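Same order as they appear, the protein sequences are chains X and W. Counting from 1 along the first sequence, just add 488 to a position and that's the residue number in our numbering. Counting from 1 along the second sequence, just add 488 to a position and that's the residue number in our numbering.
Calculated directly from the structure, the hints in this document are not laboratory data. Fair warning: this is a prediction, and the values are worked out from it, not measured in the lab. Worth double-checking, as some hints may not be accurate.
Note: identical chains are not told apart, hence a pair may lie in one copy or across any two.
Straight-line Cα separation of at most 27 Å, BS3-like style, residue types lysine-lysine; simulated pairs [said to hold, decoys possible]:
| no. | residue 1 | residue 2 |
| --- | --- | --- |
| 1 | Lys-960 | Lys-569 |
| 2 | Lys-996 | Lys-735 |
| 3 | Lys-946 | Lys-848 |
| 4 | Lys-960 | Lys-848 |
Protein chains: 2
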Amino acid sequence: MGSLDTNPAAYASFAADVDAFRPLDADDVRSYLHKAVDFVYDYYKSVESLPVLPGVEPGYLMRLLQSAPPSSSAPFDITMKELREAVVPGMTHWASPNFFAFFPSTNSAAAIAGELIASAMNTVGFTWQAAPAATELEVLALDWLAQLLRLPTSFMNRTASGRGTGGGVILGTTSEAMLVTLVAARDAALRRSGSNGVAGITRLTVYAADQTHSTFFKACRLAGFDPANIRSIPTGADTDYGLDPAKLLEVMQADADAGLVPTYVCATVGTTSSNAVDPIGAVADVAARFTAWVHVDAAYAGSACICPEFRHHLDGVERVDSISMSPHKWLLTCLDCTCLYVRDTHRLTGSLETNPEYLKNHASESGEVTDLKDMQVGVGRRFRGLKLWMVMRTYGAGKLQEHIRSDVAMARTFEDLVRGDDRFEVVVPRNFALVCFRIRPRGGGGDAMGGGEAAAEKANRELMERLNKTGKAYLAHTVIGGRFVLRFAVGSSLQEEHHVRSAWELIKKTTTDIVGEDK
Amino acid sequence: MGSLDTNPAAYASFAADVDAFRPLDADDVRSYLHKAVDFVYDYYKSVESLPVLPGVEPGYLMRLLQSAPPSSSAPFDITMKELREAVVPGMTHWASPNFFAFFPSTNSAAAIAGELIASAMNTVGFTWQAAPAATELEVLALDWLAQLLRLPTSFMNRTASGRGTGGGVILGTTSEAMLVTLVAARDAALRRSGSNGVAGITRLTVYAADQTHSTFFKACRLAGFDPANIRSIPTGADTDYGLDPAKLLEVMQADADAGLVPTYVCATVGTTSSNAVDPIGAVADVAARFTAWVHVDAAYAGSACICPEFRHHLDGVERVDSISMSPHKWLLTCLDCTCLYVRDTHRLTGSLETNPEYLKNHASESGEVTDLKDMQVGVGRRFRGLKLWMVMRTYGAGKLQEHIRSDVAMARTFEDLVRGDDRFEVVVPRNFALVCFRIRPRGGGGDAMGGGEAAAEKANRELMERLNKTGKAYLAHTVIGGRFVLRFAVGSSLQEEHHVRSAWELIKKTTTDIVGEDK
């Protein structure tokens, strides 16, 4: 940082600082980062003993930290002390091996190192020219992952025969992947339906199973679709809560018959609620009748498809338009990293391209490069490809498959434990590493919605709340087919089988306190 | 990671790995991170000597790295070696002190440390309960920054008198801030204009100066606005390319008279092209006549407003609906960190809220907490508040102001150097740390668009390309009032005054090669 400001007012504030401020001094960076690494080491060593869900009340932090920003600088040790003493006690510890809620945010040494280096380089890769290696490494990492997933080459940036029309981009969230593909599909549908500007938007319809993540319905609203035209197709136990293609066809046909324009179908592989799987190929066949865009949301379970034994869940993917999956969920890559693949990148860039003068350059004009800003919402973008590449480069397909299989094996162990106790039931088939279970209703069929069900809901809520209050486990719930169900999601990266067994012991004991012993 | 899978197919792949794979083993994490820290240290020590803009051709990386993912694991040193040998030579070095392009992505030791710790904790703070401390620290950091900016308390989450209706959220990009506020404004305009569903969207109009970042026009299209209803208000030298409120009024009034619904105005403080400043207060007064939402994009220059001498650029902000600024640009916080403040959070959450069963919890239902997922596009979110808080906590207002003033002083130095050489002209007044200059047209007035202008454009393009090819400086261009102009953006965090002076020497010498000596 350069010379001092000669403005007297500014000078006054410099009086105490004889040395110029160098925020990126290499020795300071090393010193701060070593302190941060020590923190991370201690954190991973101790996180198991911390309450997974903290017992803090809303507003707790405001009472611990000053409400106004400091006017003068402080040693970094003070910052770290406040982190340890005020922030850590209020964290929900996603890294804890006793975390079983939502989906785990898996992580690895290679990913964190990659993120650190990306933060330090701090490039903004909006165009190829602005960061050639960042753009190309992202593209390469996406192509590697496509090969691990055995995606058709039509989704790859580069194949043995050169550049195709397909490609990918790393985004922050699945929601963004949905949004940008919805917008591309919307614009295509407006064009083919002869809309005058956006006037025809009122006729465009979109489709997804009722188990689809709520963020899909939100993305539709963001893109301007009419809430009345967002179809949520009911599912049931008959399809294990997967989308029924016959029902989809019926609804789409009715809309088409009514003069509406079926535009987009979202199919999910591994729903958030219960890990249900929509049949991609059959969905694509139905959608093709209406020229509707098909997107596959495989945010969580996509990672499992790097193992041959799970790959069948993606059968038919060669007939969809786009697919997204998030290595930040189950492929050991810290947040955020959602990979979106499309079969025809021009359909995306046609809706998302911008070309301001200050970003023009020869490489972009040559048409030989991909400017990744044209496949996302924003312009700026982090160097996310580095960590994803580092994960695959360091661990290789073998270790990554081992990681998936180990999690699934632990989930199977938990499932077997649940099945071995008559007080419980597994509510839907376990597809991946999520077990949906509950205390069975007493004195009646498990499917009845009578008094037995109300009591069961009460008991299961009670179980969840007591468990979470112990700080020794954290799990979340869902509702499937009207039933309140506990979700036990295996796979937090520090987790080992003994954590799963300990959690089960705690669940059994707590259940005994609530409903009594197993008969 | 737990027990081995007993499935024989899976077992086969484990045969070579007797030890279970532990991707987050604390010792491995420490070891990998120490290697990464060493890399970062060496990088900052050496980046000055690397070509700022690499001389690589499209596809270079594909030729250096294998095209298929490795099947087995490798020592992390191999990954680091490939990073050093294949990736670094293809990077555009935004961290170089010789980087003068676009806007600098400023950074600091505290920010990188914060990002590292956030990556390791890897929390997903969609709801308060999912990460109480992450939510509260983000809210606190935003309130601190609001105080540094002297924003009215109506934009703060907490004030001395408790929780108000305003608040903020950290997003990834300015584009997302524009998009979510556009959607909120769109929905409000549809409601107040009595639209049947989204049918009324064809009547909604949005406004911005022609200098507004192209991502605004893209965000409008993402949100479903009709391209024909997106008004780009011409600007000129008379307002230094800032938005003229009288012209805005004229266009909005004409639309209203034609039965259209003026919905949203985007004002910019510090445009990307030339750092023009739209007059916020006057724009707000015009927009108020039509109940249109006013958003202020202060992505770059907002940071300067922590200094009293620059704060006047935000005068009138108390009358706008939302403002966003990006500490990842000029407040020493590595990517990504865009702070969005709104005066009424309910107007945002009304359009963005989702409430899936699996995220329901007592804290959310109490209404006492902010679930930040309801103020952004996606659900998942990184713990971005940590690095922003660490920057303010460690450096304090004093050092941050010193940082801004030092950059501005260096830009002033450069400006003086340009003004001291008759071959050049400064094209628009320098408001912050960006100097827009060019080689003057010869043999005629600088404003003439005749042959002198064409030759000047050629000379300036030549100058830029020659400079960038040296690897000793990187700067970008823009077009202002039809003139091709070079942008010299000061402030890369390793930059000192001698780098600015060296760049100027290089510019002078190269210009001499192109157009001859100063007379």
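Exercise for the section: Evaluate Lys-960 and Lys-848 at a C-alpha cut-off of 27 Å and name the case that applies: within, between, both or neither. Expected result: between (55 Å within a copy, 21 Å between copies)
Handout entry: Alpha-carbon proximity context of Lys-996 and Lys-735, limit 27 Å
Key = neither (40 Å within a copy, 71 Å between copies)
Problem - Alpha-carbon proximity context of Lys-960 and Lys-569, limit 27 Å - result: within (25 Å within a copy, 41 Å between copies)
Problem - Same-copy or cross-copy closeness of Lys-946 to Lys-848 [CA-CA at most 27 Å] - result: The answer is between: 16 Å across copies meets 27 Å, while 62 Å in one copy does not.
Of the numbered hints listed earlier, the single one contradicted by the structure is hint 2.
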